[in-house]
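Trainee: For reference, the chains in residue letters:
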Amino acid sequence: MNVETGIRWMELFNEKVQAEKDYLTQLDTPIGDSDHGNNMSRGMTHVIEAIETQKPDSLEELLKLITTNLLSKVGGASGPLYGSAFMGMLKAQKEDNIPWSAVIKSGLESIQKRGKAEAFDKTMIDVWIPVVEALENNQLTDAVIDQAVESTKPLKAKKGRASYVGERSIGHIDPGAYSSGLLFHAMLEAEAE
Amino acid sequence: MNVETGIRWMELFNEKVQAEKDYLTQLDTPIGDSDHGNNMSRGMTHVIEAIETQKPDSLEELLKLITTNLLSKVGGASGPLYGSAFMGMLKAQKEDNIPWSAVIKSGLESIQKRGKAEAFDKTMIDVWIPVVEALENNQLTDAVIDQAVESTKPLKAKKGRASYVGERSIGHIDPGAYSSGLLFHAMLEAEAE
Amino acid sequence: MADTGIIIISHVYEIAEGINRLIQEVAGDVSIKVVGGLSKSEIGTSFDSILEAINENQADNLLAFYDLGSAKMNLEMAKEMSDKSITIYDVPLVEGSYIAAALLQAGVSKDDIEQQLKEIQIAK
Amino acid sequence: MADTGIIIISHVYEIAEGINRLIQEVAGDVSIKVVGGLSKSEIGTSFDSILEAINENQADNLLAFYDLGSAKMNLEMAKEMSDKSITIYDVPLVEGSYIAAALLQAGVSKDDIEQQLKEIQIAK
Ligand SMILES: Nc1ncnc2c1ncn2[C@@H]1O[C@H](COP(=O)(O)OP(=O)(O)O)[C@@H](O)[C@H]1O
Ligand SMILES: Nc1ncnc2c1ncn2[C@@H]1O[C@H](COP(=O)(O)OP(=O)(O)O)[C@@H](O)[C@H]1O
Ligand SMILES: [Mg+2]
Ligand SMILES: [Mg+2]
Ligand SMILES: [Mg+2]
Ligand SMILES: [Mg+2]
Numbered sequence: 001m002n003v004e005t006g007i008r009w010m011e012l013f014n015e016k017v018q019a020e021k022d023y024l025t026q027l028d029t030p031i032g033d034s035d036h037g038n039n040m041s042r043g044m045t046h047v048i049e050a051i052e053t054q055k056p057d058s059l060e061e062l063l064k065l066i067t068t069n070l071l072s073k074v075g076g077a078s079g080p081l082y083g084s085a086f087m088g089m090l091k092a093q094k095e096d097n098i099p100w101s102a103v104i105k106s107g108l109e110s111i112q113k114r115g116k117a118e119a120f121d122k123t124m125i126d127v128w129i130p131v132v133e134a135l136e137n138n139q140l141t142d143a144v145i146d147q148a149v150e151s152t153k154p155l156k157a158k159k160g161r162a163s164y165v166g167e168r169s170i171g172h173i174d175p176g177a178y179s180s181g182l183l184f185h186a187m188l189e190a191e192a193e
Numbered sequence: 001m002n003v004e005t006g007i008r009w010m011e012l013f014n015e016k017v018q019a020e021k022d023y024l025t026q027l028d029t030p031i032g033d034s035d036h037g038n039n040m041s042r043g044m045t046h047v048i049e050a051i052e053t054q055k056p057d058s059l060e061e062l063l064k065l066i067t068t069n070l071l072s073k074v075g076g077a078s079g080p081l082y083g084s085a086f087m088g089m090l091k092a093q094k095e096d097n098i099p100w101s102a103v104i105k106s107g108l109e110s111i112q113k114r115g116k117a118e119a120f121d122k123t124m125i126d127v128w129i130p131v132v133e134a135l136e137n138n139q140l141t142d143a144v145i146d147q148a149v150e151s152t153k154p155l156k157a158k159k160g161r162a163s164y165v166g167e168r169s170i171g172h173i174d175p176g177a178y179s180s181g182l183l184f185h186a187m188l189e190a191e192a193e
Numbered sequence: 001m002a003d004t005g006i007i008i009i010s011h012v013y014e015i016a017e018g019i020n021r022l023i024q025e026v027a028g029d030v031s032i033k034v035v036g037g038l039s040k041s042e043i044g045t046s047f048d049s050i051l052e053a054i055n056e057n058q059a060d061n062l063l064a065f066y067d068l069g070s071a072k073m074n075l076e077m078a079k080e081m082s083d084k085s086i087t088i089y090d091v092p093l094v095e096g097s098y099i100a101a102a103l104l105q106a107g108v109s110k111d112d113i114e115q116q117l118k119e120i121q122i123a124k
Numbered sequence: 001m002a003d004t005g006i007i008i009i010s011h012v013y014e015i016a017e018g019i020n021r022l023i024q025e026v027a028g029d030v031s032i033k034v035v036g037g038l039s040k041s042e043i044g045t046s047f048d049s050i051l052e053a054i055n056e057n058q059a060d061n062l063l064a065f066y067d068l069g070s071a072k073m074n075l076e077m078a079k080e081m082s083d084k085s086i087t088i089y090d091v092p093l094v095e096g097s098y099i100a101a102a103l104l105q106a107g108v109s110k111d112d113i114e115q116q117l118k119e120i121q122i123a124k
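Residue numbers (UniProt numbering), protein chains in the order written: chain A, 1 to 193; chain B, 1 to 193; chain C, 1 to 124; chain D, 1 to 124.
Bound-form chain A, shown alone:
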């Protein structure tokens, strides 16, 4: 990943988030507070604006800018979580010759450090975990991502607002898992261009 691909990644992620803003909110309605679409839309609008005004010329600068904007602008739990993810990626990316899968893995670890979620707690990490695994084996595809997103549906939420409704969270896709799905679809697209 270089800075150009990284910028393209964010542009594509932003497009997807804005296009699916209402759907993200809809997912956050039965098991949350109906704001995930708004949260991600606001956060990504700021990321894009910052890219345009600050014109980052290294991957490090880009990741830094993404981190601070998501952290301070998203407003929901996903703010500190995505913020931590990009902060973790920023740290890992400084190492020489580190493979991209290890960078994403460092992002995942930061989400877990911040949110204390385990696999199958019905959170965004239920997408990040299989994505990291697939990346390590050079097998990440859109289908892998979609399946990971879908796999959150039968789970009972153990973390975040959805955990308050307990059993009733079963049968719904986790909104953060879905937005993470968009993030990784955008990554594949940017890399393919």
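Watch out, some of these pointers could steer you wrong.
Cross-link-like lysine to aspartate or glutamate pairs, in silico, EDC-like; alpha carbons within 16 Å at most [unchecked claim]:
id : chain 1 : residue 1 : chain 2 : residue 2
1  : A       : Lys-113   : D       : Glu-76
2  : B       : Lys-113   : C       : Asp-29
3  : A       : Lys-16    : A       : Glu-189
4  : D       : Lys-110   : B       : Glu-167
5  : B       : Lys-116   : C       : Glu-56
6  : C       : Lys-124   : D       : Glu-119
7  : B       : Lys-113   : C       : Glu-76
8  : C       : Lys-84    : C       : Glu-42
9  : D       : Lys-124   : C       : Glu-119
It should be emphasised that the hints constitute simulated quantities derived from the structure, not laboratory data.
The structure displayed is predicted, hence computed values, not measured ones.
Since the structure of chain A is provided, determine the placement of chains B, C and D with the ligands on it from the hints.
Mentor: Showing chains B, C and D with the ligands alone in chain A's frame:
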């Protein structure tokens, strides 16, 4: 007690509360939220206004009016407590030939039913209990009342806001005990007139 | 559970209004009434306005939440004078009412809600 | 304990402001800063404004209280980036901060305050 003495009782109680409003608030500062003076002042102002406009012509009417005004106008814990006290007195007073000590005792029981305080929890009932006892033995004097009020000083609060500061409540007179002291001083004065 | 609603009693106007906004977000279909303060500016609770909130709530079964002990005493008096079925919970005001609202909205039964509230019961 | 203060983080502007009024009443000498919402009208919490409140608080030791889990995550991030000593309590927001404020005002030590807060700890 008849309605005239009862009205005089309330007038005298009101005078004392207004005169000692700042002191009541001062007592409520180290172990409370500094509003007992305001609360009692507001409540008694409404009681006196209601007496003047409604001109109760039976003890029952008077007690009813005191109850509703204290309940709805005091604003602090002392509102439902004094309100319950007068409600209990109202109920007891309906019985034929009931001695006044039993009426006050019924007031005390209603305070306890509402507030669940026991003797020595550092509340207003630490004044009501010795007052009822003295009344039963025909020995209620200003000195008995003052001593009861003073006896709350070394106690550790177990009920009400003062209980939040635990040990630190020791060494201060309880504000509700002090205002109950004023109530009984006013009663003795009204009866003596 | 359309006939089960929530009432919130706080000593402070803003706390009650704020909780209303927080739980409306997750429980738009639940009938919620809040009372805060003696007035917008004066801190305290009063029996009258609690009774009013109880009556204004469309639901006949009410889950009631309060902040400090004196609010509970007024709430109990209002409960005794009302015909509605009111249950008062000794749980954290914000956290407890949020959970109850989210569960009511999700269609969870009152018994199951009580089970969950028991886990966050505190001495108040 | 003039060097110990309180910060309150809520998802909602009014809740934070209301708690401020409630605890100022019993703890006029304690340094208290509150943050509520993303803005007066938007519900949420943000890392920036929490860090700002931490810096604005005169005290170097802070007892921190929050409403829901996502506020805690932002609080933890802000804590990590601040030089102040900050302790985050998993206790009811209104009730916990009220008790802490009353005890701080009464001159009770941080250790003893923590003892009392432990009794109302909840999973949040
Ligand atoms: N502790 C956690 N660990 C990992 N992910 C979490 C955690 N809490 C919440 N999430 C994710 O955040 C998403 C909700 O984000 P959002 O709606 O923006 O925040 P909020 O729940 O504060 O309104 C959830 O769908 C879930 O994927
Ligand atoms: N549970 C209780 N039982 C009996 N008396 C109580 C109880 N709680 C508080 N009080 C009395 O109420 C007084 C405080 O009244 P006030 O300051 O008007 O109310 P608040 O504490 O709500 O501000 C206390 O001094 C005490 O005498
Ligand atoms: Mg949400
Ligand atoms: Mg939210
Ligand atoms: Mg008081
Ligand atoms: Mg008060």
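Trainee: Decide, hint by hint, whether the structure agrees.
Mentor: These are the hints, each one checked on the structure:
1. The straight-line distance between the Cα atoms of Lys-113/A and Glu-76/D is roughly 11 Å, inside the 16 Å bound, and the hint therefore holds.
2. Note on Lys-113/B and Asp-29/C: the hinted pairing is violated, with a Cα-Cα distance of about 37 Å set against a maximum of 16 Å.
3. With a C-alpha separation of about 11 Å, the suggested pairing of Lys-16/A with Glu-189/A holds against the 16 Å cut-off.
4. The straight-line distance between the Cα atoms of Lys-110/D and Glu-167/B is roughly 15 Å, inside the 16 Å bound, and the hint therefore holds.
5. The suggested pairing of Lys-116/B with Glu-56/C is violated, with an alpha-carbon distance near 29 Å, which exceeds 16 Å.
6. Proposed proximity of Lys-124/C and Glu-119/D is supported: the alpha carbons are some 11 Å apart, at most 16 Å.
7. A threshold of 16 Å between alpha carbons decides the hint, and for Lys-113/B with Glu-76/C the separation of about 11 Å falls inside it, so the pair holds.
8. Between Lys-84/C and Glu-42/C, the direct Cα distance comes to roughly 28 Å. Violation of the 16 Å bound is thereby established for this hinted pair.
9. For the hint pairing Lys-124/D with Glu-119/C, the CA-to-CA distance comes to about 11 Å; that is within 16 Å, so the pair holds.
Going through the hint list in order, the structure does not satisfy hints 2, 5 and 8.
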